[in-house]
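Peer 1: Sequence:
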Amino acid sequence: MYYRICDNIALRSWKFIPRTYIVKNDWLAKGLSKEVFDMLLLCDGEHDLTPNAMTASLEKQRLIVRCAKGERPSDWSMHKTYENRYFAKMNFMITGKCNFNCLHCFNAADNAPLMTEWSFDDAVKLLDQARDCGIQAFTITGGEPMAHPRFMDIIREIYKRNMFVDEINTNGWYITQEILDQLTQIGCNPLMKISFDGIGFHDWMRKREGAEERTLDAIRLCTENGFKVMAQTQVNRRNLESLIPTAERLNSLGVSKIRLIRTSEAPRWAENAPDSCLTIEEYYDTMLDFLSEYKDSGMNMDIEIWEFMMAFPRTKSFQLCAIICRSGHIKYTDPKCKATRTMIGVTSSGMVVPCLQFSGYYEEHGIKMENLHEMSLQEILSGGEYMSEVCTNLYKFSKANTKCAECKYFGWCTGGCPALGLLFTGDRRGSDLSKCVFYKNGWYKKCVQTMEGWRNLTPVEELEKQ
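The sequence shown: position 414 = 414 (the numbering used here), numbered continuously.
Take these hints with a grain of salt, some might be off.
Cross-link-like lysine to aspartate or glutamate pairs, in silico, EDC-like; alpha carbons within 16 Å at most [claimed, not checked]:
no.	residue 1	residue 2
1	403	427
2	446	285
3	316	304
4	69	46
5	125	379
6	399	427
7	60	7
8	193	302
Keep in mind that the hints were calculated from the coordinates and are not lab data.
All chains, please: the whole structure from these sequences, using the hints.
Peer 2: Right, dumping it as C-alpha cells:
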C-alpha cells in the first residue's frame, strides 16, 4: 500500500526541534515522536507500506492519504530542515508611517523617529529569508500598514511563498470593498484588529476628524465580507463612560472580540492628555464594573481586558490573564515569554525586537538589537543579543530578579509581562508591577466574585482561600 502526506500537511525540522509537522494556515508546529516522524517520512508515494495500527491512526488524523505508486507529496509538504532556531511567526511592521496623529502613540504622524518604511524590494528579500527559516505566518502592522504604497503587493508575495497572514493591525481608514475583494481573491482571511476608542471619543483620541464614522464603516464592511474583527480600545479617564455603548455598537456590527487596553504612562500621552492615565488599581476596578454590567447584557462578543481577564459570553466562562501556571509549580526551563519565543518582531527600520510593544521604548531610549538590513534573518535566529533575550528562561529571569523569585506568587505569575516590566521599571528583567497589584491586593477573589455564575477556566484553590 502506498501513502503520501496530505496536501495541507508538511514535515519540518529546526535546530533543537527535529521532528514536527505543520498544518497549512496554522502557524504553530506540532511535535512528533521519532517513530511517527520516521513513518511519515516513508509516506512519499514511493515506499510500499504494510497497513498497520500506525498508518490507520495517521489516516484518521488526516496526516496521510492512500495514493497510487509515484504520487508524491507536494513540494511544500516534503520534509524541510532549517539550521536556525524555531520561530513560527513574524510581527512585521512594514511601515512606521501613519495617517493618524494619535495622542498616545509613538508612531503618530507628527512623531519623527519611526518614519521609516520597508521598500518593496527589501520586503521581498526578507520574505524569502522568512520562508527559508521556516516562518509560516505574519502579523502585518505599522504605523498604518495599509498606508504602505505596496501593501497589497507585499501580501501577495507572502502567499506566493506558501506563507500566510494571520492578523492585520489597522486603523481601518483605508479598508474598502476593493481591498477586501483583493484579500479574498488570494485566500487571505486574517483577523482584522481595528483600533476604535469609543463612541464620541475616537476622533479626539486619534486626532482625525471623521475617524469614528470611517472606522465603524470599515468594521461593518469587514464583518459583512466574512472577516473576523477584533476591536482594540484604549481605556483611560476620558472615555470610561463610553465603554458599554461602544460594546453595544461593536457587538451589533458582528465584532467577535473587543480588547480593552489601559492607555499606559507614555511621555506622549502624559503631554497630550495630562492626568488621564488610570492607575493599575483604577483600571482593574473600572474593568470589573464594566464586566459586571456586560455579563448580564445579552451581548455575545468576547472580552479581553489586556493583561487582566478574558470573558467568553457564549460559554459563560472567564480566564484570568495573571494566572500563567495554575499549579504554581513552574518549569524553570520554560521561556519567560512564550509569545516572544515563537514570534519575532521586526520594526520598520529593520531592527528585531522581542515584542513590538517594546519598539517605541527601545527607540526612545536608544536600545539597539540586530538589524535585518545588516544581518540575515538566519544569522539572527541562530544566536546573538536578540536570541539571548527571547530565550531567557524562568531560571535566568529568577536569577536576575530576586524580588520576583522570592515572591510567594512567582509560581503562578512567573513575573508577568516583560513589556510591562520594562515600562514600569526601565529594566528588561524588571517586575510587572500590575501583577504584583493583582496578587497582593486580592484581585483574584474580586474577579471571581464579579463573574459569579460563570465558569473560571483558571481556578487556583490557594488564592480562593486568601
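Peer 1: Against the 16 Å threshold, does the CA-CA distance of residue 399 and residue 427 hold or violate the hint?
Peer 2: Measuring from Cα to Cα gives roughly 14 Å; hence the hint holds.
Peer 1: With a cut-off of 16 Å on the C-alpha distance, tell me whether residue 125 and residue 379 pass.
Peer 2: Holds, at about 15 Å.
Peer 1: Straight-line Cα separation of residue 446 and residue 285 no greater than 16 Å?
Peer 2: 9 Å, holds
Peer 1: Does the alpha-carbon distance linking residue 403 and residue 427 stay inside the 16 Å limit?
Peer 2: Holds, at roughly 13 Å.
Peer 1: Has the given pair, residue 69 with residue 46, been kept, meaning a C-alpha gap of at most 16 Å?
Peer 2: Within the cut-off at roughly 6 Å; holds.
Peer 1: Between residue 193 and residue 302, is the straight-line Cα distance small enough, at 16 Å or below?
Peer 2: 14 Å, holds
Peer 1: What's the verdict on residue 316 and residue 304, does the C-alpha distance respect the 16 Å limit or exceed it?
Peer 2: 14 Å, holds
Peer 1: Taken at face value, is the distance from the CA of residue 7 to the CA of residue 60 at most 16 Å?
Peer 2: Holds. Residue 60 to residue 7 sits at ~15 Å (cutoff 16 Å).
Comparing the model with each numbered hint stated earlier shows that all of them hold.
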